[in-house]
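Engineer: Protein chains in written order, with UniProt numbering: chain R, 1 to 768; chain F, 1 to 768.
Keep in mind that the hints were calculated from the coordinates and are not lab data.
Possibly wrong hints are sitting among the right ones.
No copy is singled out in the list; a pair is fine if it fits within one copy or between any two copies.
The calculated PhoX-like cross-link candidates involving lysine-lysine, where the alpha carbons are at most 25 Å apart (straight line), are [as the list claims (entries may be wrong)]:
#: 1; residue 1: Lys528; residue 2: Lys209
#: 2; residue 1: Lys479; residue 2: Lys558
#: 3; residue 1: Lys72; residue 2: Lys24
#: 4; residue 1: Lys127; residue 2: Lys139
#: 5; residue 1: Lys589; residue 2: Lys72
#: 6; residue 1: Lys65; residue 2: Lys589
#: 7; residue 1: Lys206; residue 2: Lys711
#: 8; residue 1: Lys575; residue 2: Lys477
#: 9; residue 1: Lys289; residue 2: Lys7
#: 10; residue 1: Lys107; residue 2: Lys731
#: 11; residue 1: Lys352; residue 2: Lys65
There are 2 protein chains.
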Amino acid sequence: MNQDYIKPDNWSIIEEGFDVNRVKSSESLFSIGNGAMGQRANFEEEYSGSTFQGSYIAGVYYPDKTRVGWWKNGYPEYFAKVLNAPNWIGINIQVNGESLDLFTCKKIENFRRELNMKKGWLSRSFKAILKNDIKVEVKTKRFLSLDLDEIGAIKYEVTPINSDAEIVFQPYIDSGITNEDTNWDDKFWDTLNVSHKNNQAFIEAKTMKTDFYTCTFMESQVFINGKSVLIEPNIQADSNVSIFSYSHHVKQGETYAIHKFGGYTVDRNHDKSQLVSVAKRVLETATEKGFSQLLEDQKQAWETIWSMSDITIEGDVKAQQGIRFNIFQLNQTYLGKDSRLNIGPKGFTGEKYGGSTYWDTEAYCIPFYMATKDQKVARSLLEYRYNHLDKAIENAEKLGFSNGAALYPMVTMNGEECHNEWEITFEEIHRNGAIAFAVYNYYKYTGDYSYIPEKGLEVLIGIARFWQQRATFSADKNKYVILGVTGPNEYENNVNNNFYTNYIAKWCINYALENIQKIKVEYPADYKRIMDKVNLSTPELNDWKKVADNMYFPFSEKHNVYLQQDGFLDKELIKVTDLDNSQRPINQKWSWDRILRSPYIKQADTLQGFYFFEDEFTNEELERHFDFYEPFTVHESSLSPCVHSIQAAKLGRMEQAYTFYLRTSRLDLDDYNHEVHEGLHITSMAGTWMSIVEGFGGMRVKNNTLYFEPKIPEQWKEYSFKVNFRNQILKVNVSKNQTHFQLEGTDSLQISVNSKMLTITPDNLVTI
Amino acid sequence: MNQDYIKPDNWSIIEEGFDVNRVKSSESLFSIGNGAMGQRANFEEEYSGSTFQGSYIAGVYYPDKTRVGWWKNGYPEYFAKVLNAPNWIGINIQVNGESLDLFTCKKIENFRRELNMKKGWLSRSFKAILKNDIKVEVKTKRFLSLDLDEIGAIKYEVTPINSDAEIVFQPYIDSGITNEDTNWDDKFWDTLNVSHKNNQAFIEAKTMKTDFYTCTFMESQVFINGKSVLIEPNIQADSNVSIFSYSHHVKQGETYAIHKFGGYTVDRNHDKSQLVSVAKRVLETATEKGFSQLLEDQKQAWETIWSMSDITIEGDVKAQQGIRFNIFQLNQTYLGKDSRLNIGPKGFTGEKYGGSTYWDTEAYCIPFYMATKDQKVARSLLEYRYNHLDKAIENAEKLGFSNGAALYPMVTMNGEECHNEWEITFEEIHRNGAIAFAVYNYYKYTGDYSYIPEKGLEVLIGIARFWQQRATFSADKNKYVILGVTGPNEYENNVNNNFYTNYIAKWCINYALENIQKIKVEYPADYKRIMDKVNLSTPELNDWKKVADNMYFPFSEKHNVYLQQDGFLDKELIKVTDLDNSQRPINQKWSWDRILRSPYIKQADTLQGFYFFEDEFTNEELERHFDFYEPFTVHESSLSPCVHSIQAAKLGRMEQAYTFYLRTSRLDLDDYNHEVHEGLHITSMAGTWMSIVEGFGGMRVKNNTLYFEPKIPEQWKEYSFKVNFRNQILKVNVSKNQTHFQLEGTDSLQISVNSKMLTITPDNLVTI
């Protein structure tokens, strides 16, 4: 762990005391979002110290010019990236003509920041002595409404403590923003119109190239000691800013407050000519309710979310805080309301990683959303890929594949590839497997087969075609090999026969073949429609089968393990524990070639295969592979600890499972990877959820039935979670010696606990 | 071949007819240089069509900010690149107020360009009808003086044909230039002073960051019908340009001419405060001689060069033209006068490849310079690397090596790495071997051992240390392996156990050990001095030996060949001849992953080892490996055909050897690789020389003796070359049935011809 300033608390993320060196880290940790937009926890008022300003609108991206030193054929010329959106939270504060700025003021006392996860708001309070010796007390509260997801609200209160003061609130909106990660110092926004009416201001702007039209808006109300006052604002506007100044002579001890409502309307949801009028309606609704009622609604909305997705942990505040932080951030990022959206690795908390969609969604996020939301949310995530199938086929064509073979991009926003490292873009092709696996996983969990004949099969066929073409027949081995790939462990590039890739390739082909057969028999109309489209011949299917049946898997007789890739045993097999600590993290200390020739594993690779396909291996095989590979694993990817936690729990190694759990659940809170200032690791947070439910709870789905093998870390008194299994809500509560199961609804449910089947009836607490 | 517009001629490169689409190609092909500076064949007068302006000063470079999409530890933050220097050749021409511009004029007749390689000048002539219907005849001649290597001279003649005309010559100098390949649109030059006196103008400028001070200068004389006339120029100057306008009413049929002298003085050779006064002296010398005398001197200087380095070919004009073009360009690029300089892959003809020094120098150029110049030129090239040893050690440290291990950069200008592709920068480490090999090769050819105790041994030790540390012990193989490398065949990245790399690594260690022993015994004082510096212990030497003695080489029993790398036989081994032509060149048609998993070889790799170390393999082994690898070789590197030509000749396959010879010698003239517009392939031109001398002539040095096995392609009547072997000049003349040897000087020389020893005495033509 690299930082320890977040106060342990069951329901809140709390920072006390102001430290300029923590500003960027806290801006990430205290981020807020509502699925439609989100923002880093930037201060409302001016801050002249080091900060990373970020406000993001879901689905609004920009095709930036690709920057590479050495061009390779097949790189995208432009790639979509998340775009910093106009600022609507800004409220500059003038106190007797001096700007309140925590970086320059004389003294700051009692600085406190709280992200209340139960109720969904962010607050800040402090006392500051300005350079002009005026001392003010400040309290702020901010949230992005879940109910009205185009708007957020801010309450900003200033009380001069040691004298009267002339205080000016300057709420503003500003479209003159850029990205931190801009490649060419390009401007991304074209401001079309800056307007205001009464207390409202609007900036209409569109993104360059992509032409996403947005209206950024605000309206403010001011109060003295809680009583609304009418102050005529002074209004300044230029080509991309609108500033309203509310000036008031505030008596010592009096509280001058502003309620600011603001947000975005976007042309994904409205006609672009209507953005201002919709914004007016939204502001009307919000101001009619007022800050307090909106806040109350917010609490209710979060209560609904928590009622389904909360995990409780007794006896370990840090673990409890960690899991709730993860669940909270996932829900802030994606609520499954719009199938055009997806889950970016950094959510709305930073710009890194360019696009929004990685294989993380399929491999890590879908199980969380399947179990804690209505199953149509997961289906919506699958449809996102179905809608991108044509682009995946185009992408494969760029790399020389044909006949409808589909290679999904490594990183995308709109279906097009966003990444340009050849060893990733062109070679980290296992991502295609995860997309097929998610189809399988969705059906396994939900029992909803309808998706496959309707949409999924076409995706499975495109992917199977890719694998068949991508494999090479090795005359030398008399097997099919897959050359030149990067596995999930990105600390190996351009290797041959990555076990995981070969395994999932074979699986994908077989799974596609199996479903083609099933649909042929059971859904003849769908079958005909699909075959008319994809033109599959028997010889082609035979070619697929030949590849699947004759896939090569590198294996060591000596160690009795599958090898991560050809040649793995040529490495100097020094365990991570024997590596000097000064060398860690290796991705910051070592040159790339040294990392590549080392045995060190960034994240589960062979073990990822054992995780996805655990039913195809025995526990002894898992144990042998875990013991062989984990000691070389540096867990420098956020996606690593959760899988290892689940597997350690499965092997009964609860101490190790617990250590991995803490690492995954507090990855950002404790900044294990030295990078939280860049944003949070949103997608791996779903892995944290899995490490409790699948790891400690031992939950699996087999033969349409939920299986549990509950375990509990020694450090915990008890823990509980809920899952939605095929529209039945089951609450599981695990303590040292017993497990309770409680079912909502009216129908009973058969489950297996520690290999014994039992029937749970609603409203009967079943204790094992 | 991709173009065929150069007229076959024994001594000249000739273009007839004007074609806008050939402008950039011809700008490369007709480049001129004198070792100290060089320039593309840009027109003197304005040209508004597509052009690539380039004038370069040896040793003047710029540390540009590295541009990469995805940063890796160990990349250079800045890297040195060749820098476009101020323009001194410019002469704009006004005819009745209209600018002469071949891109816009109405008609061009009789356009002809000639690069006379015998005499070292570039000429151009044409008739043009301007938009104002004035028809002019233009003749120009330009050269960069070999004797006065800071100056060049231009004669520009204009004759109005169809009427009188007001003609203005506007010679200018201009430091407001940029690079074609600028990464950030940076300005590279800081202009310090623009001044003029009488007919002379000077621009003092320095490069940003590197602070190379230069003075660009010019002086002009004007003539009517060959008679000097005094015309007072109108002078315009701004912050980085100085323009002199010489206006004259020229009668129909009269020839108005300007002689312009210009060039650079640089602070590598003079105190920076003296650059203008030195320039004045240079101009004084040049103008006193005048254009004609300078041109006569130029002819003499080239005669001296040709007398030693010419290769004649009878009966095949294109082959003759090709070899002379190669020899001419090599001599234009590097004359061995300054050990701070080296041979850039594009010489003074383009910007591509950033730095100036690649392993090309050691692997390809040194043999040419050893045989056609005084041997101190080759020694100077070795010293260049000795002078960079500390930086090579630093470079290795950045990649995690220690204890004086040296890794020479892949690309450099000043000893620092200039390249930032991890698979090249960090992994194409075989370059280190070529640098050691050149030390061996120099001693073998010249017999001058003194370089090794004086300087070479330290280089050999640093390199041996690198290889020992870079090898990994594979417990699985019970051998030392070298993981994660890129061999000379850059169409494979991050492979394990590249045969060539492993072989040269072993050789380097053994060669260092051998020389340590020899110097210990024969040069005890040097030995002590070196040991005091490098601190070599017996255990360390034992570690070296262990690696060398137990190096692993991948080998196929089935094919009875060494494998290019582990896993080579897993590829789909489809020969190049079975590849559809539409797929070629694969580096322009295929995505990188497809290239990597294909068997296709960019340039000699395993065969490069067989070339360097041919005495360690039998002819049968060579034949087997040639037959195995050549069919997969696409020769998409300029360095490929020459090695294959030499080996084909050695195997007696003269038709194939001849095809490769044409490809190497006319690579640029016929633009085999679709890229001549970017500049010429200078370093591979030395390979062309080798393909005649070593390939057809069969020349080798064994046991301090020259060996020959002369062969001749069927297409040729005879050919001849000269070599300087240990200060004795031997001329070899090969025809169908006999070979003549002729020796200059006073001492006799023992040589071996077709395995028979014979003694050649001076001035006795020996015929075999």
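Engineer: Which earlier hints turn out false for this structure, listed by number in ascending order?
Structural biologist: 1, 7, 9 and 10
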